[in-house]
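My request is simple: use the sequences and hints to build the entire structure.
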Amino acid sequence: MSRLAVIVKGWPRLSETFVAQELVGLEARGLELDLWSMRHPTDGKVHELHKRLKASVRYLPEYLKDDPGRVWRGWRTARRLPGYPAARAAFLADLARDPTPNRARRFFQACVLAAEMGPEIAHLYAHFIHTPGSVARYAAAMRGLSWSAFAHAKDIWTTPDWEKRGKLAAMAWCATCTKAGATHLEALGPGKVRYVPHGLDTTRWPDAPVRAARTPVTIVSVGRLVPKKGYDDLIAALAMLDPTLDWRFVHVGGGPMKAQLVAQAETLGSRIEFRGAGDQDAVLAALRAGDVFALASKVTDDGDRDGLPNVLMEAASQDLPLVATKAGSIGDFLDDSCGIAVEPGDRAALAAALARLIADPDLRERLGRAAGAKVRRDFPFAENCDRLYELLRPCVSPSTPR
Numbered sequence: 429m430s431r432l433a434v435i436v437k438g439w440p441r442l443s444e445t446f447v448a449q450e451l452v453g454l455e456a457r458g459l460e461l462d463l464w465s466m467r468h469p470t471d472g473k474v475h476e477l478h479k480r481l482k483a484s485v486r487y488l489p490e491y492l493k494d495d496p497g498r499v500w501r502g503w504r505t506a507r508r509l510p511g512y513p514a515a516r517a518a519f520l521a522d523l524a525r526d527p528t529p530n531r532a533r534r535f536f537q538a539c540v541l542a543a544e545m546g547p548e549i550a551h552l553y554a555h556f557i558h559t560p561g562s563v564a565r566y567a568a569a570m571r572g573l574s575w576s577a578f579a580h581a582k583d584i585w586t587t588p589d590w591e592k593r594g595k596l597a598a599m600a601w602c603a604t605c606t607k608a609g610a611t612h613l614e615a616l617g618p619g620k621v622r623y624v625p626h627g628l629d630t631t632r633w634p635d636a637p638v639r640a641a642r643t644p645v646t647i648v649s650v651g652r653l654v655p656k657k658g659y660d661d662l663i664a665a666l667a668m669l670d671p672t673l674d675w676r677f678v679h680v681g682g683g684p685m686k687a688q689l690v691a692q693a694e695t696l697g698s699r700i701e702f703r704g705a706g707d708q709d710a711v712l713a714a715l716r717a718g719d720v721f722a723l724a725s726k727v728t729d730d731g732d733r734d735g736l737p738n739v740l741m742e743a744a745s746q747d748l749p750l751v752a753t754k755a756g757s758i759g760d761f762l763d764d765s766c767g768i769a770v771e772p773g774d775r776a777a778l779a780a781a782l783a784r785l786i787a788d789p790d791l792r793e794r795l796g797r798a799a800g801a802k803v804r805r806d807f808p809f810a811e812n813c814d815r816l817y818e819l820l821r822p823c824v825s826p827s828t829p830r
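Taking this note's numbering, the leading residue of the sequence shown gets 429, the next gets one more, and so forth.
I should point out that these hints are in silico values taken from the structure, not numbers from a laboratory.
Among the hints, a few may not be true.
As the list claims (entries may be wrong) - DEER-style ranges, computed between Cβ atoms:
| hint | residue 1 | residue 2 | range |
| --- | --- | --- | --- |
| 1 | Arg-504 | Ala-777 | 58 to 64 Å |
| 2 | Thr-586 | Asp-764 | 44 to 50 Å |
| 3 | Thr-586 | Gly-458 | 32 to 38 Å |
| 4 | Arg-805 | Pro-469 | 31 to 37 Å |
| 5 | Pro-671 | Asp-589 | 23 to 29 Å |
| 6 | His-468 | Gly-497 | 14 to 20 Å |
| 7 | Lys-607 | Thr-586 | 14 to 20 Å |
| 8 | Tyr-491 | Leu-791 | 29 to 35 Å |
Unchecked claim - Below, computed lysine to aspartate or glutamate pairings styled on EDC-like, alpha-carbon distance capped at 16 Å:
| hint | residue 1 | residue 2 |
| --- | --- | --- |
| 9 | Lys-686 | Asp-660 |
| 10 | Lys-686 | Glu-701 |
| 11 | Lys-582 | Asp-729 |
| 12 | Lys-802 | Asp-760 |
The beta carbon of each residue, even a glycine, is placed where N, CA and C say it ideally should be.
Next up, the structure:
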């Protein structure tokens, strides 16, 4: 079997367990992968799942000035490839509409990729349709290969329609993990879109703990401290709770808004704990010690939003009741049977939902058990990974019937 070149924005990333889960699953099903990352890791920690990937990992020049000799050699080799004129034409058309250094960087990263990947590569597969999709598109054209992508959330909603339309026309197919994303992309590239939810590999997670009614009630959240996660709204909602309620809040994750959010939470004193970025063991420990999971996602001014955050399914696997907003595609999972959903940015409604669960241990138990049952029943990782494997297998083994 030929090999698959996988292009990702960064590897490894603590916030992208869904990528690692999928790639490990594809290897287990027999695909041979080479991983190409556009950025070096910045988290300082890795999940145990990352260590299970067998694929070789190579890093493209993150900035052209970092390795001009490698970029020069890549371009010199790429420009002799039969597909280089077509790739250059696509790049120049994109550059005319997006005349930025970032656009040029993607083209020359593609030159390095096209020059350095081995002849055994039969197909290119990008995780995220925006910048990794650009590198895959240009490099595939240079090498005369097919390519595909998996689109998620930010990459769908912050990429211009003209760019998505061009990429969808050029690729073999595009998978996406949410119903809203699939509907949006299908309108731009009819017939190209495949809806493939990530699901959760529950074999990596222990059975949920038995929770007795206890105080304080621990509200836990896991996510990057960035605007679309709505942690400013969540902390404001916590500040609105009746002071007689006994609760504490634990957050796992890093991000650029940490200093701002720590300052905002100062009035709540020791009830708030920011633990910083953590691996799966740290996330699991927080979820198992929690009583309620909360996430206050919203749509930002530039259109960025969550898809269906995997952490909601991870929390559900530990039988935690969910409080979240209706932003993005959270509604693909969260309904009244397993939690409470409120409108994005509605801090009063968020506070009311939290207060209700803090005060009612029986409701917490009922919603939590329903959440656990739902993730195991409706979002099986194995079945969805099988679907993705069936999409990719013909791309690297053309003789296999589609």
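Hints, one by one, checked against the model:
About 59 Å separates the C-beta atoms of Arg-504 and Ala-777, a value consistent with the hinted range of 58 to 64 Å. Judged by the Cβ atoms, the range 44 to 50 Å given for Thr-586 and Asp-764 is violated: they are separated by roughly 31 Å. The hint said 32 to 38 Å for the Cβ distance between Thr-586 and Gly-458, and at roughly 35 Å that hint holds. Between Arg-805 and Pro-469 the CB atoms are about 35 Å apart, so this pair conforms to the stated range of 31 to 37 Å.
Remark: the range hint 23 to 29 Å for Pro-671 to Asp-589 is contradicted by a beta-carbon distance near 49 Å. Here the CB-CB span from His-468 to Gly-497 is close to 18 Å, well matched to the stated 14 to 20 Å. Restraint check, Lys-607 to Thr-586: a C-beta distance of roughly 19 Å satisfies the suggested window 14 to 20 Å. Between Tyr-491 and Leu-791 the C-beta distance comes to about 52 Å, which lies outside the given range of 29 to 35 Å.
For the hint linking Lys-686 to Asp-660, the alpha-carbon distance of about 10 Å falls within 16 Å, and the restraint holds. A distance of roughly 12 Å separates the Cα atoms of Lys-686 and Glu-701; the hinted pair therefore holds under the 16 Å criterion. A distance of roughly 12 Å separates the Cα atoms of Lys-582 and Asp-729; the hinted pair therefore holds under the 16 Å criterion. Between Lys-802 and Asp-760 the alpha-carbon distance is near 11 Å, which keeps this suggested pair within the 16 Å criterion.
The structure is inconsistent with the numbered hints 2, 5 and 8, although it conforms to all the rest.
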